[in-house]
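Here the sequence shown is numbered in the numbering used here, starting from 1 and rising by one per residue.
Bear in mind the hints are in silico, worked out from the structure with no lab data behind them.
Treat the hints loosely; a few may be bogus.
As the list claims (entries may be wrong) - In silico EDC-like cross-links for lysine to aspartate or glutamate, where the CA-CA straight-line distance does not exceed 16 angstroms:
#1 K113 <-> E36
#2 K244 <-> E352
#3 K131 <-> D121
#4 K204 <-> E36
#5 K86 <-> D206
#6 K243 <-> E365
#7 K353 <-> D206
#8 K150 <-> D121
#9 K204 <-> E41
#10 K134 <-> D121
#11 K204 <-> E30
#12 K243 <-> E359
#13 K305 <-> D383
#14 K353 <-> D383
#15 K238 <-> E365
#16 K5 <-> E142
#17 K243 <-> E362
#18 K118 <-> E135
#19 K305 <-> E30
#20 K332 <-> E343
#21 K118 <-> E151
As the list claims (entries may be wrong) - Each pair of labels, with its calculated beta carbon distance range:
#22 G167 <-> A128: 45 to 51 angstroms
#23 E347 <-> T299: 25 to 31 angstroms
#24 R291 <-> N334: 35 to 41 angstroms
#25 N381 <-> W254: 18 to 24 angstroms
#26 R42 <-> G260: 17 to 23 angstroms
#27 Y184 <-> R152: 30 to 36 angstroms
Cβ coordinates follow ideal geometry from the N, Cα and C atoms, glycine included.
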Amino acid sequence: VVVTKRHEIEPPFDAGGVFDNFNPGIDGLETAAYLERLGQERNPGFRVRWFHFGLTGGTYLRTEAILDAFHPDNIARIDFQGLVRKEGEKVWSSDLSMHLALSARGWVVYPWKEAAQKFDDVPKDGEALAKFRKEYPAYRPEAAFQHAHKERYGEKLPEEENKLLVGFHDPTPPDVTCHGCVWYTGDFRWPIPSEAPTVKPMDKFDAVQPGLVAVVQAGANDELPVGARGLNIDVGAKPAWLKKEDGLVVDTRWNQGNGGGILLAQTILSHKGGSSTADAGDWGVKGYRSRWLRAILATNGAHIKHHNHAMVLRWQPTQPQLTPWQLENCAKENKDAEACGIENERENFNWEKHLMLSEYLESPERFAYVMLLDADAALVNTDHNTLGEMA
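Full structure from sequences and hints, please.
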């Protein structure tokens, strides 16, 4: 690394280096989801922002971040066996393995504009140079730290330094050139070479979060009741704490066996009448749900799943809906039960929200928090554990 000047741009994140988009990156979202699952234990709103190498020469690292992420207890939780199966041998590169360790603890890694890469094939032409800079943001000759200056790599060591090098006394020394083969458990060093130690089941790369299995495996082909059609619920998943005809969207709480956690509850009640879309109104009729509504519910379901909460929908209002005083008023006006129901529907649907909230607050599942959200409200900021931060 050549240092050209004192840096002018302060490090904005927990770690950062070169904008390395020219080496193979992290494959897909599975690895990111695994790192986020671990990282959100320390940093609830954590998301992986950088999917490449980059922690090379010129890198900055926050002291607090490396002391935490590189602590033996935290390294021991990373499923390197699973990561290698998914990502291959590049996992053993320090440029990437440090990224993995930091992200597994919720520390943010992103390139730093003061760390750059030396390229040998930089165009001279102005237009070609502009295109090159756009394609390779790591090319920043104005940056303070210039990586890949290897002009002296082939030089011989001075004799004075060469005398300090000694060989193994053991006639059959261990192979220390292998990748990912030197491991410790506490102070105990495993034989060289060894595979990465096995981690606990819930720390495994392909671990399924509690409750998710039931939701995924529950009868996907079960026919939904007419009033529930178009909603992202699975009628085959019926935990004991679910009330009435409510549908479970997702439950990825880690503490399901002991109750607690956060529940998002939404009432999605359809209007009376036939299944004609012409009379669907805002919330739909039986058998039909508006496209925008389904998009909101899918967004909320994904948010709740990502941040390890639970979500339920109430699609069927509590029966009977009409109160004695409502029936009495309708009788005075010579209105039948159907007309009476339509007249009082909006008010009763609003009261249903309060009823649903009280039922889950008093649930034997002992939810720590229950949030009742209107059907037209969406949790759109996936970077933030909105309900967790509010709690």
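How the hints compare with the structure:
Distance check on the hinted pair: K113 and E36 sit about 25 angstroms apart at the alpha-carbon level, beyond 16 angstroms; violated. About 12 angstroms separates the Cα atoms of K244 and E352, which keeps this hinted pair within 16 angstroms; it holds. Simply put, K131 and D121 have alpha-carbon atoms about 13 angstroms apart, close enough for the 16 angstroms limit, and the pair holds. Straight-line distance between C-alpha atoms of K204 and E36 comes to about 13 angstroms, which keeps the hinted pair within the 16 angstroms bound.
A hinted pair counts as satisfied when its Cα atoms are at most 16 angstroms apart, and K86 with D206 qualifies at roughly 10 angstroms. Using a Cα cut-off of 16 angstroms, the hinted pair K243 and E365 holds, with the two alpha carbons roughly 11 angstroms apart. The straight-line distance between the Cα atoms of K353 and D206 is roughly 38 angstroms, outside the 16 angstroms bound, and the hint therefore fails. The hinted pair formed by K150 and D121 meets the criterion: a straight-line CA distance of about 15 angstroms does not exceed 16 angstroms.
Of the supplied pair hints, the one linking K204 and E41 holds, its CA atoms being roughly 15 angstroms apart against a limit of 16 angstroms. Restraint check for K134 and D121: satisfied, since their Cα atoms lie roughly 15 angstroms apart, inside the 16 angstroms limit. Annotation: proposed proximity of K204 to E30 holds, straight-line Cα distance about 12 angstroms (limit 16 angstroms). A threshold of 16 angstroms between alpha carbons decides the hint, and for K243 with E359 the separation of about 8 angstroms falls inside it, so the pair holds.
For the hint linking K305 to D383, the alpha-carbon distance of about 13 angstroms falls within 16 angstroms, and the restraint holds. A threshold of 16 angstroms between alpha carbons decides the hint, and for K353 with D383 the separation of about 28 angstroms lies outside it, so the pair is violated. Between K238 and E365 the CA atoms are separated by roughly 13 angstroms; this keeps the pair inside 16 angstroms, and the hint holds. Between K5 and E142 the CA atoms are separated by roughly 9 angstroms; this keeps the pair inside 16 angstroms, and the hint holds.
For the proposed pair K243 and E362, the alpha carbon gap of about 11 angstroms is at most 16 angstroms, so the pair holds. Between the alpha carbons of K118 and E135 the distance comes to roughly 14 angstroms, so the proposed pair stays at or under 16 angstroms and holds. Distance check on the hinted pair: K305 and E30 sit about 15 angstroms apart at the alpha-carbon level, within 16 angstroms; holds. Distance hint between K332 and E343 is fulfilled; the C-alpha atoms sit about 14 angstroms from each other, no more than 16 angstroms.
At most 16 angstroms may separate the alpha-carbon atoms for a hinted pair to count; K118 and E151 meet this at roughly 11 angstroms. Our hint of 45 to 51 angstroms for G167 and A128 holds, since their Cβ atoms are close to 50 angstroms apart. With their beta carbons about 28 angstroms apart, E347 and T299 fall inside the hinted range of 25 to 31 angstroms. The hinted window of 35 to 41 angstroms between R291 and N334 holds, with their beta carbons roughly 39 angstroms apart.
Checked against the hint of 18 to 24 angstroms, the C-beta distance between N381 and W254 comes to roughly 22 angstroms, which is consistent with it. Separation of R42 from G260 is about 20 angstroms and conforms to the stated range, judged on CB atoms against 17 to 23 angstroms. Taking 30 to 36 angstroms as the suggested C-beta distance range, the pair Y184 and R152 conforms, at roughly 34 angstroms.
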